Amino acid sequence: MKKEKELILELCKYNQTNKDKLEVLLKSDIDFPYVLGQLLFNRVGGVAYHTLKKFNLLGLLNREIRNTLQTIYLANTEKTISFKVIIDSLNTDFESLKIPYAFLKGSLLCFLYPLGCRTSNDIDVLINAEDIDVVSEMLVSKGYEQGYLKNGVFTKASRNEIITSRMMRGETVPFIKRVDFPGMEYAEIDINISLDYKNDEKSLVDKILGNCCTYSYGINSVRALDKYDFIIQLCSHLYKEATVYPWVKMGRDLSLYKFLDIYMLVFELSEEDCVFLYSRICDLCLFNECYYSLVYINALFAILNDSLYFTMLELSLNADGYVMSKVISPENGKIYIYNEHNLVNRLFDFNRKNKLEERNNAKVEND
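Numbering (numbering that gives the first Met the number 0), first residue to last: 0 to 366.
Simulated from the structure, these hints should not be mistaken for lab results.
Hints are supplied without guarantee of correctness; some may be wrong.
Said to hold, decoys possible - With a Cα cut of at most 27 Å, we get these calculated DSSO-like pairs of lysine-lysine:
(1) Lys2 - Lys52
(2) Lys4 - Lys26
(3) Lys20 - Lys4
(4) Lys97 - Lys206
(5) Lys78 - Lys52
(6) Lys325 - Lys354
(7) Lys325 - Lys239
(8) Lys354 - Lys1
(9) Lys176 - Lys155
(10) Lys53 - Lys78
(11) Lys4 - Lys248
(12) Lys149 - Lys352
(13) Lys1 - Lys26
(14) Lys1 - Lys248
(15) Lys83 - Lys226
(16) Lys239 - Lys226
(17) Lys53 - Lys18
(18) Lys325 - Lys4
(19) Lys352 - Lys325
(20) Lys83 - Lys97
(21) Lys354 - Lys4
(22) Lys248 - Lys333
(23) Lys155 - Lys141
(24) Lys52 - Lys83
(25) Lys2 - Lys53
(26) Lys20 - Lys52
(27) Lys2 - Lys354
(28) Lys141 - Lys83
(29) Lys239 - Lys4
Claimed, not checked - Label pairs and their computed distance ranges (CB to CB):
(30) Val23 - Glu94: 46 to 54 Å
(31) Arg177 - Glu94: 20 to 28 Å
(32) Asp319 - Asn353: 21 to 29 Å
(33) Asp225 - Ile80: 23 to 31 Å
This one's a predicted model, so the numbers in the text were calculated from it and none came from an experiment.
Ideal Cβ placement from N, Cα and C applies to all residues, glycine included.
The task is simple: from the sequences and hints, build the whole structure.
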């Protein structure tokens, strides 16, 4: 592995960093502009700054590199403080509706990471499809409108866009409100009625929403999925984006921060935790999703303990043989296979779409 990639991955392991290894890497012949670009592109610049500050190693960086990372870290801190205020307020609003709901992804992760390490561009909430109208009415009463943000400009959605999004994507058109908080001009809420890009998963959503809990952090609180379901949902979301061709074409399929989110939650799982996690994966039949994520995380961070490694082996018995290399195009049913099998190199390759080879389904099944 190139030293630059080693450095990036070591900086991300903020709660398991090998200080001596990190110091040796920082003092070696490193292409720091490449490292900085990858850190920013993968949205882990704040984590890198936190790690360097924690071990008092910032002085080993070029001043321009150091100042850029500090700027990202401070901006993350400001935005996250505002984000937490909005989450706490929305949690109260949703509680008043007396319906099943759960905040997803960044809405909980912003409380779990050290301040300044993790931001989120929007707020994802999972609800049942039959509750869309009551949620929409509540959000509109709070000043939210459905539409899109592009380059800081809000455009209101048409009725046809609102209906199509519900039917085809399993989520609503975003609800957006101008808040003008520090580091956050708009609040954007995505209401999800599915854990996939389809809206035919009612039984799965019922299972997930029936197993939620409320997390408290000082004056803040947020209702989210329980520990195991939260990990599984992150794995499922990561897998869907990583293995869908349009996302690969946009370069939004693989990003280091998505793997880091899951790493942070699994690296200290006990043997008992792993048993519960595997049982829940079986209950939800999400073998490919979780196997893909765990294998990739192990390739990046090498953090699987014996119990988690055994869980991964158990998952492999039910996972697709091409799970780590297959990409699908939902629009036309085409299947693509990566010819780049090194998972670390694949992640850091800006042109990885060029490493895909089109295959027909019969050939894949017969190989």
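Margin query: Need the status of pair Lys20, Lys52: alpha-carbon distance at most 27 Å?
Written below: 16 Å, holds
Note to self: What's the verdict on Lys176 and Lys155, does the C-alpha distance respect the 27 Å limit or exceed it?
What the structure shows: Holds, at about 11 Å.
Check: Is it true that the CA of Lys20 sits at most 27 Å from the CA of Lys4?
Finding: Distance of about 13 Å is within 27 Å: holds.
Next item on the list: Would you mind confirming whether the straight-line C-alpha gap from Lys2 to Lys52 stays at or under 27 Å?
Entry: Holds: Lys2 and Lys52 sit about 21 Å apart, inside 27 Å.
Notebook entry, point to check: Are the Cα positions of Lys354 and Lys1 separated by 27 Å at most?
Noted result: Status holds; Cα separation ~19 Å.
Margin query: Just to be careful, I want the Cα atoms of Lys325 and Lys4 compared with a cutoff of 27 Å; is the pair within it?
Written below: 24 Å, holds
Check: Do Arg177 and Glu94 keep their Cβ atoms within the hinted range of 20 to 28 Å?
Finding: Given range 20 to 28 Å: holds, Cβ gap about 24 Å.
Notebook entry, point to check: Between Lys155 and Lys141, is the straight-line Cα distance small enough, at 27 Å or below?
Noted result: Holds, because 16 Å separates the two Cα atoms, which is no more than 27 Å.
Next item on the list: Sort out whether Lys97 lies within 27 Å of Lys83, counting only the CA atoms.
Entry: Distance ~22 Å between Lys83 and Lys97 Cα, so the pair holds.
Check: For the pair supplied as a hint, Lys149 and Lys352, is the alpha-carbon distance within the 27 Å limit?
Finding: 25 Å, holds
Margin query: Does Lys325 sit within 27 Å of Lys352, going by the straight-line distance between their CA atoms?
Written below: Holds. Lys352 to Lys325 sits at ~12 Å (cutoff 27 Å).
Next item on the list: Would you check the hint for Lys248 and Lys333, treating anything up to 27 Å between C-alpha atoms as holding?
Entry: 14 Å, holds
Going through the hint list in order, the structure satisfies each hint without exception.
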